[in-house]
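Chemist: Work out the full structure, taking the sequences as your base and the hints as a guide.
Chains B and R supply the protein sequences, listed in that same order. Under full-length UniProt numbering, read the first sequence as residues 1 to 303, first letter to last. Under full-length UniProt numbering, read the second sequence as residues 1 to 364, first letter to last.
To be clear, the hints were calculated from the coordinates, so they are not data collected in a lab. Each hint should be verified, as a subset may be incorrect.
[Said to hold, decoys possible] Computed cross-link-like contacts, DSSO-like style, restricted to lysine-lysine with a CA-CA straight-line distance of at most 30 Å: (1) 109(R) x 172(R); (2) 216(B) x 132(R); (3) 216(B) x 179(R); (4) 224(B) x 107(R).
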Amino acid sequence: MTDAALVHVQKERRSRWMLLTPALVVLFIAASGPLLIVMLYSFLTAGPYGGVEWSFSIDGWFSVLLQRDFFSEELTFADAHLSIFWRSVKLSLLTAVITFLIGFPTAYFIATRPKRQRDIWMLLIIIPFWTNLLIRTFAIMELIRAEGTVNLVLLWLGIIDTPIQMLFTEFAVLFGMAYVYLPLMVLPIYASLERLDFRLVEAGYDLYATRWQVLKRIIFPLAKPGVIAGSILVFVPSLGAYVTPRVLGGGKQLMLGNLIELQFGQGRNWPLGAALSLTLLAIVMIALFVYVRAAGTEENGHG
Amino acid sequence: MIEVIGVTKVFPGPDMDFTALGGVSLTVQDNEFFTLLGPSGCGKTTLLRVIAGFEYPTSGSVLLDGKDLLAQPPYRRPVNTVFQSYALFPHMSVAENIAFGLEMLNKPKAEIRKTVADMLDLVRMTPMADRKTSEISGGQQQRVALARALAPRPKVLLLDEPLSALDYKLRKDMQLELKRLQAETGITFIFVTHDQEEALTMSDRIAVMNAGTVRQIGSPREIYDQPSERFVADFIGETNFITADLVGVEGDGSGLVRVRLAGGVETHVQAPSSDLASAMSNGPVTLAIRPEHAILVDEPQGLLKGALENVVYFGTDTHFHVALDDGGLFVLRQQNQPGQRSDMSVGDRVGLSLGRGVGQILRD
Ligand SMILES: Nc1ncnc2c1ncn2[C@@H]1O[C@H](COP(=O)(O)OP(=O)(O)OP(=O)(O)O)[C@@H](O)[C@H]1O
Ligand SMILES: [Mg+2]
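Modeler: Below, the structure written as structure tokens:
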């Protein structure tokens, strides 16, 4: 290469970087800025009326899992926090499982409709998603409260004689989250099923696979990328869900999101809130890591 | 034995229904190599799909060894398909693809391993057993599709253009392999191809199809030498069509009839079939004559006369294009012999001679 050409290439490379710089700066600040602030706050001292005081302390992190007995100064696990962690993880996992169990057949049904019908079905799935979350959550409340539609119908049918208490239970939270996040499961599964070559299904039948075997050995493995994406899309926001447990759990079935909100509000313990936020982030990352690893190795084991 | 009886398949369309199969009937014997031949879109794949169970016919029935095949779902039919589109499972390796059918039949593990190894060997894919199907070439995919369909040893194997993506040499090898395999396993082959040469060399019998109907069924020889109608004569090989007048039927059961050609000369030609010969009435008919069945002679000895229009050298043989006196072009083919010298040149007057029984009257 001649010197002139070399200079030209270098120049081009430099100008490309310069053009990218604004975007990179924004990305860097937007992605890590808030995170750094939260990280910083988690190591400060709580102010008496909220906010933080600028002195180093690990009390925030300390209180995530442990608590000091008020009188004896004895260290014990923070049972309340642990049970909230556990409920958050459990409900989020269950939400992912339930949305999968409902979402997979739904996506399959839509993907096997004639092309023109599919868009209509997809629209029906997406419309609730465009509706305000609060409105949807209150609608569910209306459905399942003691004098709500479900209880009234059951009473009228004579199946029960006193209303079932559904609102403010874990069931209510689960029901609400599954309903709210269902589209996030259906969409990616539909995307991978729509690309599926249904001649492969015929080839499966041709080679003596029953419907169930075709589903298990052919359709499901080929839809797996969609299932993985859907599970992540449902699990991650479920873990930090705030509105649904607040409204349908009635302050009794707290999840991590509510606990964090509590620290920044009534609890006036911002460092603890910040530490809890980062704990949530850590749980999400660990869960994703484990999940993606497991999903990946299974595939390798097969192929 | 597979019996296809009056099978019709109509695909409903938005404006207009489309009849892909219009009353197809045929019988395929056990261990027969039966070929479906026809132009694109004539319904070959559709017929295979009906037999395999992916399409349910609008009417008609399909019997396997006398039992109704249509009552069974595709996964219970002892029929395997080599798909035109291969349809290999992209999430499985070559070996896993081949093992799939055997696994579904719950064969013992050791047997599966052995059969898969044999099949890989047969289609020469052993070195690529562990590759993903997306990492092999089109021809290799076709071979895997073949191995996958053969592995469970079905009673009937449906092959939808299984060799079309292979190069000439490999195709010849695979043709021989297929024939050998078919003889060895006793599997009935129903084979679809576009390649007439392949159809003629490999088949026990051929069904020529057009626009959803079967036009003629017969051995390669019958199909080539005695095409029953213009479509078949035209579709298989090259053919000259000339018009003539039917003047008499020989009553000797030879299936020969007498016709008068354009120049007024009479000759003997084949009737569409020997039992039809006696039922034919005099009048204008169309004759089909293969290019290699006529002989180029001096003008006075010819039954048909004309002027040599073109001479095309093809290596193994030479094509002579003759402009007949009554209009129309006749193409004649002669094998080249060593030392033979052609003293004919374009523009010369020539004659065409036909042996007794050369030429075939076509059904209208
Ligand atoms: N599902 C379907 N709906 C509507 N029409 C169809 C359908 N399947 C096939 N056809 C039509 O039926 C006709 C026969 O199709 P088929 O696939 O059997 O042809 P083919 O003989 O196998 O052709 P090729 O040699 O090109 O593979 C075609 O005109 C095709 O367009
Ligand atoms: Mg076809």
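Chemist: Indicate, hint by hint, whether the structure satisfies it.
Modeler: Verification of the supplied hints:
1. Simply put, residue 109(R) and residue 172(R) have alpha-carbon atoms about 34 Å apart, too far for the 30 Å limit, and the pair is violated.
2. Distance hint between residue 216(B) and residue 132(R) is fulfilled; the C-alpha atoms sit about 19 Å from each other, no more than 30 Å.
3. At most 30 Å may separate the alpha-carbon atoms for a hinted pair to count; residue 216(B) and residue 179(R) exceed this at roughly 36 Å.
4. Of the pairs offered as hints, the one joining residue 224(B) and residue 107(R) holds, with about 27 Å between alpha carbons and a cut-off of 30 Å not exceeded.
Checked against the numbered hints listed earlier, the structure breaks hints 1 and 3; every other hint is satisfied.
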